[in-house]
Every structure is written in C-alpha cells, then in structure tokens.
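Same order as they appear, the protein sequences are chains D and R.
First residue of the first sequence? That's 1 in the working numbering, and the numbers climb one at a time after it.
First residue of the second sequence? That's 306 in the working numbering, and the numbers climb one at a time after it.
Treat each hint with caution, since some may be false.
On the chain D side, residues computed to face chain R include the following (Cβ under 7 Å) [to be verified]:
{"id": "1", "residue": "E43"}
{"id": "2", "residue": "Y63"}
{"id": "3", "residue": "T83"}
{"id": "4", "residue": "T85"}
{"id": "5", "residue": "R208"}
{"id": "6", "residue": "A209"}
{"id": "7", "residue": "K210"}
{"id": "8", "residue": "W224"}
{"id": "9", "residue": "G225"}
{"id": "10", "residue": "P229"}
{"id": "11", "residue": "P300"}
{"id": "12", "residue": "R301"}
Read the hints as simulated data drawn from the structure, not as lab findings.
The beta-carbon is built from N, C-alpha and C at its ideal position, and this holds for glycine as well.
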Amino acid sequence: MLRFVLRRLLEFVPVFFIIVTLTFFLIRLAPGGPFAAERAVPEEVLKRLNEYYNLDAPLYVQYFDYLRDLAHGDLGPSFKKPTLTVSEWIALRFPVSLELGLYALGVALLIGLAAGFLAALRPNTATDHVPMSLAMAGICIPNFVLGPLLVLVFALWLEWFPVAGWDLQQDKVLPSITLGAAYAAYVARLSRAGMLEMLAQDFVRTARAKGVSETGVVLRHALWGGMQPVVTFLGPAAAGLLTGSFVVETIFQVPGLGREFIQAAFNRDYTMIMGTVLFYAGLILLFNLIVDIVQAWLDPRVRLS
Amino acid sequence: MSVLSVKDLRLRFHLRHGVVHAVDSVSFSIERGETVGIVGESGCGKSVTFLSLLGLIPSPPGRIESGTAHFNGRDLLRCTTGQLRAIRGRHIAMIFQDPMSALNPYLRVGTQVMEPLRLHPSCSRREAWSRAVTALQNVGIPDAERRMRAYPHQLSGGLRQRVMIAMAMITGPQLLIADEPTTALDVTVQAQVLAVIKKAQQETGAAVALITHDMGIVAGTCDRVLVMYAGRIVESAGTDAIFYRPRHPYTKALLETLPAAHQPGQPLLNVPGRPPDLLGEIRGCPFAPRCPHVVDACRETPVSLQPVGDDHASACLRVQAGEI
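Next up, chain D with everything else stripped away, as it sits in the complex (with noise of 0.2 Å):
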C-alpha cells in the first residue's frame, strides 16, 4: 500500500513536467501578451516591464528559469495583479472554491445516490422514470441556464435566497444547488446502472435463497459493487468541482478560483496560468489516486500494484 502509493507520487514528476511544457509553449503561442493592452502603452514602460518581468529573455532561458523556480516551489509574481504572488492569489480563492465545491459534491452525492438507488430498486416505474428523466434533463442544461433559472425563480420571484455574493450562509445555496446539479444527474444515472447490474448478479440470487431481506440485499450485498462506477466518475469530478467553476463563480459573483483562472487567461497572466494549470491538475493526480485506493477498499479483487 504504502509503496504504490510512493511509486504512483512518482509517477506524477514525469506528468507534471508534461504538463509545465506544454502549457508555458502554449500560452506564449497564443497572440498577446500580458501587456498587450487596447490602449497603447508608452514603447519605454513595455520595455521596462519585459525587462523585469525577464519577458525580453529567449525563449528557452525564460522556461528553465521557470523551471528551476518551481522546482524551487515558487510559482512567481503575478504579472497582472502584482500585489500578491501567484501562489497567495491561489492560497486566498481555492478555500472559497473548496467550500462551494463541497458544498456541490454534497448536493450531487445526497441528490445523485438518493435518486440513483431508489430507481435501481424499483426499475422501469414511474420511481425509476422520473428521477431518471429529471437527470437526464440536469446533464441537458448547462450551469449558464440553470444558474440564472434558479435565481430568477427563487431570489427575484421567491425572495428565498440572494441573487449573488459569498458572505452569508444563504449566499451558498444557490451556486451549491447550480454547481452540483450536473453531477448529481451523473451520479444519479451511474448509480443506478452500479446498481442494477449488482442486482442482476448470481451472488443476490445467492443471498436471497439464503432468506436475506431486500433491505439485506442492497446494503450488504450491492451496495459495495453498486458504488463501484460513482467512485470511478467522483474522482476527477471531485477535482473539477473543488477547484472551482468559472461560470457558476461568474453568475454568483463567488471570488473563487475558477474566476481568477479564466481571467488570468483572457489577461495572458502567464505565471497565473501556469499556478493554476499546476494546482488544477496536481489535484486531479491527487483525486485519481484516492480512486484507485477507495476502489481497492471496496472490491476486495483489486490489487494495488
């Protein structure tokens, strides 16, 4: 256990110095610059900021200075919100994007499994169609049209909720709710088929012929198989949903990650970009390791190896 875990952390050195690559020669392949502006900077200050920004260095000396910097674990300044590094700008907004990502895996876990396991049991009724059609529905509309649905319906016409912000309580609610709604129709639907397909196995005719109850049935006996395709899918999804949303944070105004990530796109933030690429797939790696140990725990065939 202990040295898979090891030999799969060091397997992340080779993916992460993919990923550096391949995002600093990209980035700096796309038209603009950081300050590139409409409004025309003097010819002196574009030089001065180039010159300390070391932006005027070849190429390739600007890459493995970024390199030996992160090897080094720093991240570098932000080239367009200079009064913090980029490593401070993620420390402050991956906690708001953390909590509203909780927040959403709990609304997608609660929702998804609830209406997943209740269709697997009762198959091909109006229990299993409903639910089934609503999840259908939730992958259908995109986060931009539920977001401003839910707040016309329940902050302009109810008055249950704010329209946006991230203060109080009731702030989170709403971008929760928007946030979470795609995966819990996933997990709705792949809970059912785990389900199902447990169901329709040898071993639950076993366990009714021995006189366990249907209770019995789904909980000791497909329950662990059942979960096997969620916690395939909650693996990635975790790492999507925690490292924020740009369009829910939009929509809601939540000062998340997700926000300063597509802004420091727009922005050519170069050293924005790199931090948040990094964290993002750093947690990916991270999330899919869970996986393959939560999927051993489960499945008792599975060898970490």
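Assemble the complex: chain D is given as a structure, and chain R must be docked to it using the hints.
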C-alpha cells in the same frame, strides 16, 4: 412422509412477444432423506421449477398460474414473502451452479457462511463464527479459520463450491436444492463435491433435489429420478428402473447418447431434432416431433404422467396403452 409435495405446478413467463410455458402441470414429491435427481436438457424447466417454489422467479415476467407445493404442511406457493424468506436458507437451502459468481466477491467467506445463522435463529456472532468454522471443516476445507477471512476469489473452484455447501447446510435444512452443483467444476473435483453433499446429507438427514443434465451423476448419487422435457415431467422412477427399464422414448434416447453406452468406432449418438419452442401451448406430447415411436394420436391427445408400473410413471401414451 414427504418433505415436499408439488401438485400441478404451472409457471409462465409473460413476455412482450408471447407467453412462455416454462413449467407445465408438474407434480412430484420428495421424501425425507432421499436424493432425487432432476434431469433434462438445458431450458427444460429443471431449475425454474425449484426457483419458483422459493419465490426466486422475478415477477413480472414470471407468474405461477396454478398448483400447490406443500412443505411441512405449508403451501409454499401461498406464503407471503416474509414467510418464504423465513423458510429460505433455514428449511430449504440452495446450491448454485457456478460457485465463482454465486458467492459475493465483495464479502469475506466467513461473513457469507455465517449469514444464514445470523438471519434465522438468533445466535451470537461468536457462536456463529465457531459453527461456521465447523461447517467449513465438515465439508473438508483445510485451515478453516484462515479461510473464513479469505475472499472467494482467493479460493479454487472446488473450495468455493464446498463453501457454498457449508453455507447451505449450516442451518440444517430439511431440503437441499443443488442446481447443477458440479457443472462448473472439473471431473475429479466433481466427485469430491458430490461426496461432500452426500456426507452432509447423511449427517443431517436432509432430502436433496439434485438438478443436473449429467446422467452419470444421477446413476451414482440418486435414489429416484425425474426426467423433464419441455417444462413437464415425462418419466419418474427409481434410479435403477430409469437406467435399466426406461419407459419413455425420451429417456431411452437420452440414455443412448451416454458416451459410456457408446460402441468404439461408431459415431456418438444424439437425440435428433431440437426441443420445442415453449412459446405458446403445445398440444399433445411435446416429444412427438423427435420421437421414433410417434403415431398420430401423440400429436393430438393431451398427455399426462400416469403410473405404468411399480413406483414408475411415464407420460407416453403408447407406453400407457401397453403398445411399447
């Protein structure tokens, strides 16, 4: 006295494209302590008959149309799900064909073997544990304590089937239904597993319904045989009578296909033709299209299982009429 007495059981599957007559007017009984073999081709209704008695046929599409099945004076077909659940695993236990898929891969062997005990009579965890260890030892599993903590995939096929038997016998059931218990195993292991079932049966006095398509197994283990064809019982007799004095053309055809009866140098025999489609009603004898002794009456007259000798019944019109 019979443990189980089934009368006129009819089971149909109502599917979108028609009604499958899976079990048709099946009557039989199983006496205390005896081993009854149920033989027939795949899809002839052997397993389905017994699964329906335990309420293990999904409904819909399956529906029991008529019949009674008295077990200990109680009609299984008229029990509530709760009553049936109390009988399943405690008084009637079942072993399935493929021990790989019939054991839960996510749970430890011990958990699964103890489960019937935990469900039925109230018995403490510690007592259940020690009884499960004994049960595993009784079916010849060495190092039982360690095996209790193993997962099914860590055991061989033969060991897994022994676990199934231990799990089924742990509550001391009066009837054990063994649904092709050796089909998925290789021949040497088959013999061991059959011996284990036999031993467990002798120790508990349970009756065994052995569902199989292997006549060799029937010859070695069964007291009595029911031959099934197209959802019906076509012949019922003691094992010796079935092998030496079969009274139904289908049974004769089956016996002729046995490799043991085969003369070297001659091609292996089979029963020509195919079993009938059970979709829709069959008038007359279902074996008529494949029967070498068929006459016009066979295709028209409804047939039923009738006594044709001492403890011997056949569903062949011509045998009943004394013509063959």
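Results of checking the hints against the structure:
1. E43: The hint is violated - E43/D has no Cβ within 7 Å of chain R, the shortest such distance being about 70 Å.
2. Y63: Violated - the Cβ of Y63/D stays beyond 7 Å from chain R, reaching only about 49 Å at its closest.
3. T83: 53 Å, violated
4. T85: 48 Å, violated
5. R208: Since the shortest Cβ distance to chain R is 6 Å, the answer is holds.
6. A209: 4 Å, holds
7. K210: Check passed: Cβ of K210/D comes within 4 Å of chain R, closer than 7 Å.
8. W224: With a minimum Cβ separation of about 4 Å from chain R (threshold 7 Å), the hint on W224/D holds.
9. G225: Holds: closest Cβ of chain R sits about 6 Å from G225/D, inside 7 Å.
10. P229: 14 Å, violated
11. P300: 4 Å, holds
12. R301: With Cβ-Cβ at 5 Å, under 7 Å, it holds.
Comparing the model with each earlier hint shows violations of hints 1, 2, 3, 4 and 10; every other hint is respected.
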